[in-house]
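Protein sequences, first through last, are from chains A and B. Residues in the first sequence are numbered consecutively from 0, following numbering that gives the first Met the number 0. Residues in the second sequence are numbered consecutively from 0, following numbering that gives the first Met the number 0.
Think of the hints as simulated: they come from the structure by calculation, not from any bench. A couple of the hints might just be wrong.
[Stated by the list, open to error] Some but not every residue of chain B turned toward chain A, in silico, with C-beta under 8 Å:
(1) Ile-64
(2) Cys-67
(3) Val-68
(4) Thr-86
(5) Lys-208
(6) Cys-236
(7) Asp-253
(8) Ala-340
(9) Gln-344
(10) Leu-345
[Claimed, not checked] If you want the ones that stay clear, here's a sample from chain A, every Cβ over 12 Å from chain B, calculated:
(11) Leu-14
(12) Gly-208
(13) Val-233
(14) Ala-279
(15) Leu-469
(16) Val-479
(17) Leu-496
All C-beta atoms, glycine included, are put in the ideal place defined by N, C-alpha and C.
Below, each chain spelled out in residue letters.
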Amino acid sequence: MSAHDSHPTGLSRWLFTTNHKDIGTLYLWFSFTMFLVGGAMAMIIRAELWQPGLQLVEPHFFNQMTTVHALVMVFGAVMPAFTGLANWQLPLMIGAPDMALPRLNNWSFWLLPFAATLLVLSLFMPGGGPAAGWTLYPPLTVQGGMGMDFTILAVHILGMSSILGSINIIATILNMRAPGMTLMKMPLFVWTWLITAFLLLASIPVLAGAVTMLLTDRHFGTHFFDAAGGGDPVMFQHIFWFFGHPEVYILVLPAFGVFSQIIPTFARKPLFGYTSMVFATATIAFLSFIVWAHHMYTVGMPMAGELFFMYSTMLIAVPTGVKIFNWMATMWRGSMTFETPMLYAIAGVFLFAVGGVTGLMLSITPADFQYHDTYFVVAHFHYTIFAGSVLALMGAAYYWIPKWTGHMYNETLGKTHFWLTMIGFNLTFFPQHFLGLAGMPRRIPDYALQFTEFNQWSSVGAFILGAAQLLWLYILIKTVKGGEKATDKVWEGAEGLEWTVPSPAPYHTFSTPPQVR
Amino acid sequence: MSISSLHSLKGVFQRLGLILAATFVPGIAAAEYALNFQRPVTEIAGDLLELHNLITLIVTVIMIIVFCVMFYSILMHRKSRGHQAATFHDNSTLEVIWTVVPFLILVAMAIPSTATLLKMDDTSGSEMTVKITGYQWKWKYDYLDQDVSFFSSLSTPQDQINNKADKGENYLLEVDNPIVLPVGKKIRFLVTANDVIHAWWVPQLGVKKDAIPGYVNEIWTKIDEPGTYRGQCAELCGKDHGFMPIVVQAVSEDEFNKWASVQKDKMVAAQAGAGKTWTKSDLVARGEKVYGQSCAACHGPSGAGVPGVFPAMTGSKIATGPVADHLNIVMNGKAGTAMTAYKGQLNDVDLAAVITFERNGLGNNTGDVVQPSQVKALR
Ligand SMILES: [Cu+2]
Numbered sequence: 000m001s002a003h004d005s006h007p008t009g010l011s012r013w014l015f016t017t018n019h020k021d022i023g024t025l026y027l028w029f030s031f032t033m034f035l036v037g038g039a040m041a042m043i044i045r046a047e048l049w050q051p052g053l054q055l056v057e058p059h060f061f062n063q064m065t066t067v068h069a070l071v072m073v074f075g076a077v078m079p080a081f082t083g084l085a086n087w088q089l090p091l092m093i094g095a096p097d098m099a100l101p102r103l104n105n106w107s108f109w110l111l112p113f114a115a116t117l118l119v120l121s122l123f124m125p126g127g128g129p130a131a132g133w134t135l136y137p138p139l140t141v142q143g144g145m146g147m148d149f150t151i152l153a154v155h156i157l158g159m160s161s162i163l164g165s166i167n168i169i170a171t172i173l174n175m176r177a178p179g180m181t182l183m184k185m186p187l188f189v190w191t192w193l194i195t196a197f198l199l200l201a202s203i204p205v206l207a208g209a210v211t212m213l214l215t216d217r218h219f220g221t222h223f224f225d226a227a228g229g230g231d232p233v234m235f236q237h238i239f240w241f242f243g244h245p246e247v248y249i250l251v252l253p254a255f256g257v258f259s260q261i262i263p264t265f266a267r268k269p270l271f272g273y274t275s276m277v278f279a280t281a282t283i284a285f286l287s288f289i290v291w292a293h294h295m296y297t298v299g300m301p302m303a304g305e306l307f308f309m310y311s312t313m314l315i316a317v318p319t320g321v322k323i324f325n326w327m328a329t330m331w332r333g334s335m336t337f338e339t340p341m342l343y344a345i346a347g348v349f350l351f352a353v354g355g356v357t358g359l360m361l362s363i364t365p366a367d368f369q370y371h372d373t374y375f376v377v378a379h380f381h382y383t384i385f386a387g388s389v390l391a392l393m394g395a396a397y398y399w400i401p402k403w404t405g406h407m408y409n410e411t412l413g414k415t416h417f418w419l420t421m422i423g424f425n426l427t428f429f430p431q432h433f434l435g436l437a438g439m440p441r442r443i444p445d446y447a448l449q450f451t452e453f454n455q456w457s458s459v460g461a462f463i464l465g466a467a468q469l470l471w472l473y474i475l476i477k478t479v480k481g482g483e484k485a486t487d488k489v490w491e492g493a494e495g496l497e498w499t500v501p502s503p504a505p506y507h508t509f510s511t512p513p514q515v516r
Numbered sequence: 000m001s002i003s004s005l006h007s008l009k010g011v012f013q014r015l016g017l018i019l020a021a022t023f024v025p026g027i028a029a030a031e032y033a034l035n036f037q038r039p040v041t042e043i044a045g046d047l048l049e050l051h052n053l054i055t056l057i058v059t060v061i062m063i064i065v066f067c068v069m070f071y072s073i074l075m076h077r078k079s080r081g082h083q084a085a086t087f088h089d090n091s092t093l094e095v096i097w098t099v100v101p102f103l104i105l106v107a108m109a110i111p112s113t114a115t116l117l118k119m120d121d122t123s124g125s126e127m128t129v130k131i132t133g134y135q136w137k138w139k140y141d142y143l144d145q146d147v148s149f150f151s152s153l154s155t156p157q158d159q160i161n162n163k164a165d166k167g168e169n170y171l172l173e174v175d176n177p178i179v180l181p182v183g184k185k186i187r188f189l190v191t192a193n194d195v196i197h198a199w200w201v202p203q204l205g206v207k208k209d210a211i212p213g214y215v216n217e218i219w220t221k222i223d224e225p226g227t228y229r230g231q232c233a234e235l236c237g238k239d240h241g242f243m244p245i246v247v248q249a250v251s252e253d254e255f256n257k258w259a260s261v262q263k264d265k266m267v268a269a270q271a272g273a274g275k276t277w278t279k280s281d282l283v284a285r286g287e288k289v290y291g292q293s294c295a296a297c298h299g300p301s302g303a304g305v306p307g308v309f310p311a312m313t314g315s316k317i318a319t320g321p322v323a324d325h326l327n328i329v330m331n332g333k334a335g336t337a338m339t340a341y342k343g344q345l346n347d348v349d350l351a352a353v354i355t356f357e358r359n360g361l362g363n364n365t366g367d368v369v370q371p372s373q374v375k376a377l378r
C-alpha cells in the first residue's frame with residue numbers, strides 16, 4: 000500500500016472523499032433521510048384525510064405537503080438511493096477499482112444536501128413552499144411566493160447532480176470493465192443503470208429548460224406559458240412530460256436490475272432470457288420518449304395525437320411483460336429459498352405488475368377520461384414507484400448490506416419489516432383504486448362523505464407503512480454496528496465479482512483487475 | 000359486453016369488497032363501498048363503463064394467471080422441499096410467445112378503445128352550446144343560445160367544513176346555482192378558464208375536459224334521464240381546488256325553457272339600479288354578500304387574508320388608499336397573482352358595492368362611497 004491510500008478520518012473523510020464506497024454510503028444515508036422526511040409529509044396527508052372536514056391543516060398547506068412529498072421522494076429519496084447503489088456496486092460488479100471520475104463523484108453527491116435544504120426551506124418562506132403539485136403546471140406556478148423560486152433552484156441543483164452522476168456512471172461502465180467483461184457479460188444491474196444514465200442525460204436538461212422558462216415567466220416578464228402574452232400553458236406540459244415519462248423509467252429501470260440480481264441468487268438458477276432482458280430494457284427506454292402526452296389526454300389534443308399516444312403507450316406493456324415473464328421463468332424449477340431480499344424481489348415483481356396493468360388501463364385514452372386526476376392514478380403510480388422502485392431498494396439493501404458492513408442483518412427482523420411493509424402498503428394504496436373509480440379527485444384536502452371508509456383504510460395502512468420504516472432504520476443501524484459475521488459469498492446461490500471480495504468489502508478493491516472468463 | 004354481464008361483474012366486485020371489508024374491518028362491513036364507476040346516465044358514460052369493465056376483466060385474468068404461476072413455483076420449487084435447480088436459461092419459442100400474445104391482446108383492446116374515442120370526439124349536430132369557464136374557485140356557465148349566464152360555487156357552509164356543524168348528505172358536492180340542462184338534447188360544451196387550469200368533470204356524464212386559459216376545448220353530452228349529477232374540478236387549481244364542485248340538473252325541455260326565461264329576468268333585475276345613486280348602507284349591505292361569494296376565499300371572511308399568500312383586507316394600502324387604485328385592482332386584477340380581473344365577473348352595482356364594503360367594513364373606515372356610475376365610467 001502506498002501513501003496515496005492513507006485517508007482522513009472524521010468529518011473531512013466524508014467531505015473530501017473520492018472513494019466510491021464512501022460516496023455510495025453518503026448517497027444511501029442521504030436518501031434514507033429524505034425517505035423519512037417525505038414519509039412524514041405523507042403521514043400529514045393521510046392524517047388530514049382520515050375523515051371528511053378540515054382537521055389538521057389548511058388547504059394551502061395540504062397542497063404544499065402533496066407537492067413537496069412527491070419532489071422529496073422522487074428527487075431526494077429514490078433517485079439518490081439508486082445512485083448510491085450504483086456507486087457501491089458498479090465498480091464491484093464490473094471489477095473496477097473505483098468510479099471513472101472520483102472528484103466529480105464527490106461533487107455530484109455534495110450538491111444534494113444543498114438542494115434538499117433549499118427545497119425544505121421553501122416551506123418556511125412567506126407564502127409557504129410550492130403548492131402546485133410536483134408537475135409544477137403554470138399558470139398556477141406563476142402565482143406562488145418565493146418558495147417556488149427556491150424549488151426551481153433546488154430542481155436545477157438536483158438535476159445537475161443527476162447529470163454529473165450519469166456521466167460518471169456511463170464513463171465507468173464503458174471504460175473500466177475488467178478484462179473479459181464484455182458488454183453482454185455485464186450483470187443486469189449494470190445494464191439497467193447504463194441505460195438509465197442515458198435516459199437521465201437526455202431528459203434532465205429538458206426539465207431544467209422547463210423550470211428556467213417558469214422562472215423567467217415569474218420574474219423577467221417573459222410569457223412562455225402565459226396565453227394572455229402569446230404563450231401557451233399546454234406547452235409546459237409537453238416539455239415537462241417529455242422529461243417526466245423517461246423519469247418514471249429512470250426510477251424503475253435500476254429496480255428491474257436489482258430484481259434481476261436477487262431472483263437468480265435465491266432461485267439458484269441463472270437469469271432466464273438475459274439477452275431479451277437487455278433488449279426489453281432498451282426498448283422500454285426508447286418507448287419512454289414517445290409516450291409523454293398520455294399524461295395529458297384531457298388537455299384537448301387533436302385526434303391523431305390522442306391515438307398515437309394511446310397506441311405507443313400500450314406498446315410499453317410488451318417489453319414490460321417480457322421482463323416479468325423472464326423473472327417468473329427464472330424462478331420456475333429453481334431451488335428457491337426466501338430470505339428477506341428474495342421476499343422483496345418477489346413482492347416487488349408481483350406488485351409492480353399490478354401497477355403495470357393499471358398503467359395499461361390508464362393508457363386507454365377514453366377510459367382515462369374517467370381515471371385521469373383521480374385516486375386511481377395515485378394508486379397506480381404508488382404501485383409502480385413504491386412497489387417497483389422502493390421495494391427493490393429495500394431488497395437491495397438487505398441483499399448487499401452483508402457485503403457493505405461484513406454483518407448479516409437479523410432475518411426475523413428483516414421479515415417482520417417485510418410483512419409490515421406489505422400490509423401497510425397494500426392497505427394504503429389498494430383501496431385508492433376504488434376511490435378513484437368512484438370519483439374522488441386527487442390532490443384534495445377534504446372529500447365527500449361516500450369516500451370516508453376507504454380513506455380510513457388508506458390512512459390506517461399509511462400509519463402501519465410509516466411505522467414499519469422506523470423498524471427498518473433500527474435494523475440498518477443494528478447491522479452496521481454488529482451482527483453475525485458475513486462470509487465472502489454471503490448467499491449460497493450468489494454469482495458475480497462482488498462476491499469474490501471479502502466482506503466487508505475493503506476500502507480499495509480490484510486494484511489489480513480480475514480476469515473474467 | 001351486454002348490460003346483464005356488466006351488472007353481474009359489478010356484483011362480483013361488490014361482494015368481493017364486502018368480504019374484504021368484513022375480513023379487515025369488522026363493524027364497518029355494513030358501510031356502502033363504491034367499487035366501480037358511478038351509474039352512467041349518458042350513452043358515452045355507458046360505453047366508458049363497458050370499456051373499463053372489459054379491460055379490468057382482461058387485466059384481472061392476466062394477473063390471476065401470473066399470480067397462480069408464481070405461487071405454484073414458490074410452493075413447489077423450493078429448496079426446503081428438496082427441489083433441485085434446473086439449469087435452463089433461454090428459450091426462444093417462449094420469448095416469441097410472450098411477446099406476440101400480449102401484443103395481440105393489446106390490439107384487441109385498442110379496437111373498442113379507438114371506436115369509443117372517435118365517438119366522444121364527434122361534436123357535430125349539437126343542438127345547444129354552453130360555455131364553461133373555470134375560475135379560482137368557481138365555475139361560470141354561459142348559455143350561448145339562451146343568453147343566460149351565471150356563476151356556480153360551493154354552497155356547503157364553512158361550519159360543516161370546519162367540523163362545527165353536522166355534514167349534510169351532499170357535503171362538498173353542492174352549489175348555489177347548478178348548471179341546468181335539458182335531457183335528450185346533444186349539448187356542446189366550450190371549456191376554458193380565466194386564471195389557471197381547471198378540469199370540468201361529471202363522472203355520470205362521462206365528461207372530463209381541462210379548462211385552460213387561452214384554449215377553448217370542445218366536448219359534448221346527451222343526458223338520457225332527468226336527475227342531479229355531481230362532479231368536481233379535477234385539475235389542481237390552487238388553495239380551494241377541493242372546493243369547487245359541479246352540479247348538473249337534468250330536466251325536461253319544457254322545464255329547461257321555463258328555467259331559462261326566469262334566469263333572464265333575474266339577470267335584468269340584477270342590473271337594475273346601475274343608473275341610480277345608492278346610499279352607503281345599501282352598498283355596504285350588498286357588498287358584504289358579494290365579498291362573501293367572491294373575495295372571502297382568499298382575503299378571509301374577516302379580511303385577515305392568509306399571511307404571505309393572500310394579502311389582508313383589513314388596513315390594506317389598497318383598501319384604505321386612493322379609491323382609483325382600489326377600483327383598478329379589483330376591476331383589472333394583478334398579473335402574476337391569484338387576484339383576477341373582476342370587471343368581467345361582476346356587474347357595476349356589485350363592483351361598487353364590494354369596494355364600498357371593503358373600505359367601510361372588515362375593520363376599515365375610510366367613509367368613501369363608490370357609485371355604480373364610477374365603475375361604469377372605467378369600463
Ligand atoms: Cu379548479
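Given B:Lys-208 as an interface hint, is the shortest Cβ-Cβ distance to chain A below 8 Å?
-> holds, 6 Å
Chain B versus A:Leu-496 - minimum CB to CB distance exceeding 12 Å, so not interface = Its Cβ never comes within 12 Å of chain B, the nearest being 19 Å, so this holds.
Hint check: is the beta carbon of B:Val-68 less than 8 Å from a beta carbon of chain A?
-> holds, 6 Å
If you take the shortest Cβ to Cβ gap from B:Ile-64 to chain A, is it below 8 Å?
-> Status violated, d = 10 Å.
Minimum Cβ-Cβ distance from A:Leu-469 to chain B exceeds 12 Å | Since the minimum Cβ distance to chain B is about 23 Å, A:Leu-469 lies beyond 12 Å and the statement holds.
Against chain A, run the beta carbon of B:Asp-253 and see if the smallest gap drops under 8 Å.
-> Where the cut-off is 8 Å and the nearest Cβ of chain A is about 30 Å from B:Asp-253, the hint is violated.
Using Cβ atoms only, decide whether B:Ala-340 comes closer than 8 Å to chain A, and label the hint accordingly.
-> violated, 10 Å
Restraint outcome when B:Thr-86 is required to lie within 8 Å of chain A by C-beta distance = Result: holds, 7 Å to nearest chain A Cβ.
May I ask you to test the interface hint for B:Cys-236 with respect to chain A, counting a Cβ-Cβ separation under 8 Å as satisfied?
-> holds, 7 Å
Is the Cβ of A:Gly-208 more than 12 Å away from each Cβ in chain B?
-> holds, 20 Å
Hint check: is the beta carbon of B:Gln-344 less than 8 Å from a beta carbon of chain A?
-> Since the shortest Cβ distance to chain A is 16 Å, the answer is violated.
Taking the closest Cβ pair, is B:Cys-67 under 8 Å from chain A?
-> violated, 11 Å
In this structure, the earlier hints numbered 1, 2, 7, 8, 9, 10, 13, 14 are contradicted, and the remaining ones agree with it.
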